Every structure is written in structure tokens, then in C-alpha cells.
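> Let's have the full structure, built from the sequences with the hints guiding it.
The listed protein sequences correspond, in order, to chains A and B.
The first sequence begins at 1 in the working numbering and counts up by one.
The second sequence begins at 1 in the working numbering and counts up by one.
One should not assume that every hint holds.
To be verified - Stretch by stretch, here's where chain A covers chain B in the computed footprint (C-beta under 8 angstroms, at least three residues):
no., stretch
1, 85–94
2, 99–106
3, 139–147
4, 164–174
5, 213–227
Calculated directly from the structure, the hints in this document are not laboratory data.
Remember, it's a predicted structure, so these values are computed and weren't measured experimentally.
Just so you know, even glycine gets a beta-carbon here, dropped at the ideal spot from N, CA and C.
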Amino acid sequence: MALKKKHQNPPAHKWSLAVGSFFLVLFAIGVAVDEPSRVLEQAWQICLSCIGIG
Amino acid sequence: MEVIRKWVQTVAFLFMNSYWAFPWTATIYQGPLKVVCSPGLNCYSCPAAIVSCPIGALQQLFLSARLTLGGGQLFLGFYVVGTMGILGSMFGRMICGWFCPFGYLQELLYRLPSPKFFVPRPLRFVKYAILLLTVILLPLLVVNEFGLGLPWFCKYICPAGTLEAGLPMLILQPDLRQIISTLFYSKLTVLIFFLLWSVVASRPFCQTTCPLGAWYGLFTKVKFVRLTLDKARCTNCGECHHVCPMGVKFNESPDDAECITCLKCLNQACQFGAISLEVAGLPVRSLDIRRLGRADENSD
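Shown next, in the form of C-alpha cells:
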């Protein structure tokens, strides 16, 4: 009788590597489209409505 | 280990808010470091902040997405979501326990002597709705005639923004006091509510409301740094329940999305070596466990 091969999920850290790589690609796309400059531009201004004033 | 964590929290708080020239400049830091997203919730309109809040930055990108797309720019949050995802897949909610300034403040408040209460468990799901609605959907979908949305979470909820930015800016720029409205008082009420709740309950904002905590909680099963349970060693004594600041019953749900990896269960509760820290699949034995091991050897 042939032994049934036990199915094993990949360990969690391999999933975290895969998920981390996916977000690294997103991060790289963001840098490529120059999103950091937009973030910087926004962060240099005081958003009064964001902090409850105005 | 708890002392080390407190030091890390203090250093993280001081580093993220290290623009100490603000009392003289009376404005916020406007240097290049603001391009970096902070790991924890730290308002970037705080006069001392040198980094950006990822939740604030994400909302700003979403609320202006129609305008920027119309201008041919693809600013859809890739950079910010990418940063948050990289941090999430590495540390998950460990960031809440080790690096978040607002989490640290809540921990300090909880030390004040008072009757203590648990946060009702069903309330933990509210933060996922807040993330989805106020950070993603509403800023993207509810726009004015110019195609601009609102930063719903920052504007109507975020108590960290009121504490770190709203109140200090009113002190630094007295002219702003003339334009405060009921919105400010409602946000001040939210802030006071959470500060008082933090005295009688452990990390109530983290447990119920924080959208960044909700985001990091999504990585609970795939993060690099995680606590693991050896069921063969666990006696189900329940000691880990008593020390957990997030109300996690670790022996029942070791992959709980609320776990902030503060290591209290490992170092202060479990005497049977059933809980261990794992980094990228490799077990890391803590100093205290080694000491426990030596104590066992001596008793033998």
C-alpha cells in the first residue's frame, strides 16, 4: 500500500518573506512614480483640519 | 526584558519627536526625514516630529487621488502601503508594543493607581471598520466639487493628533485660537475619553480604535518575529492571561491578532518554557528562560 504523502504548509517565515517581497515591490513602485516627494510635500505643511483646528 | 522594552519605547518616542527647536521656530520640522514613515502612530503635524505618520500620509494620498490621477500622477499610496507592509511582515503588532509613542503613553497612564477593567473583546473588531472606512473608503469616495476628500480618521477621531499637534500648535501659534470650532472640542473630548480610559484599562485605543494596529494585526500569521507555543509543555495554567496587556489568552490563541509581542507572557508568566520567541523560523531563547533552565538544573 502506497504511503500517502503528508501535506505540509510552508513555514510562516516563508510566507512572511513572500508577503514582505510583495510590499517591497509596492514600495519600489511608489518610489518609481515619485510618491515620496508628494508625501514630503504634504508632511511639510500643517494640516489644520487634520489636527482639529479649522 | 521589560526594562529593555521601556528603553526602546523611550528612545523610539524621542527619536521620532527629536526636532527640539520648535519652541523657537514655532512651527513644524520641514527637513528631508519627513519622507520616512514612522512605524507607530505619531502625528506629522506635531512640532517635534521628524517623520511622517503612515495613516496620515495614506489618507492624504487617497483624498487627493482623483486630482493627482487627473494630472497624470499615479500617487495611490504604493510607497506608504509598501512601507507599512514591509514593517508588518517583519514585526506585525510588535511595533505597537515596542515603537508606538501613543501606545507607550497609554502604558504609562495604566500605571496610575485606579480600579482596572478589561476592554470588552467584541470592541476589538471596531478598529478594522475604522481602518476600512475612515482611512481608505471615505477619503477615496466622499469628495467635494473639486475632487478632494477629507482625512476622516485624522479629522474626526485621532486623539494622537490632538495631543501631539493640535494642543501644541495652539500654544505655539496663539492666532490659531481664533479659528477653533466645535470640531476641536469634539476631538478634545475624544482625546480626554481615551486618556481616562487608559488609566482604568490597558491600551484601550490600541485594542479598539487604532487603524495602524488593525493593519499590523493582519500580519499576525506571517510576521518574521513571533511568539510560539509548545503545546506539549503548556499546562494551561492561564498565567499568561494575567500578564497580557492586550487581553490575549496565549495558550488558547497563540496567533491572536492582538498580540503586541511585548514578551511579558514569555518572561513574566510561563514557568514551563512553553512560550518562545521565533525570528524567521529560528527559536530565540530569552535570557530569563535560560535562567529558568539553570534554576531547573540546580533544583535537580
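> Next, verify each hint and record whether it holds.
Hints and how they fare:
Remark: the stretch 85–94 of chain B is confirmed as covered by chain A, as 5 of its residues place a Cβ nearer than 8 angstroms to a Cβ of that chain, reaching the required three. Interface restraint, the stretch 99–106 of chain B with chain A: violated (0 residues with C-beta to C-beta distance below 8 angstroms; minimum three). Proximity of the stretch 139–147 of chain B to chain A, defined as three or more residues with a beta carbon under 8 angstroms from a beta carbon of that chain, is not established by the 0 residues found. Interface restraint, the stretch 164–174 of chain B with chain A: holds (4 residues with C-beta to C-beta distance below 8 angstroms; minimum three).
Note: the stretch 213–227 of chain B has 6 residues with beta-carbon separation from chain A under 8 angstroms; the three-residue rule is met and the coverage holds.
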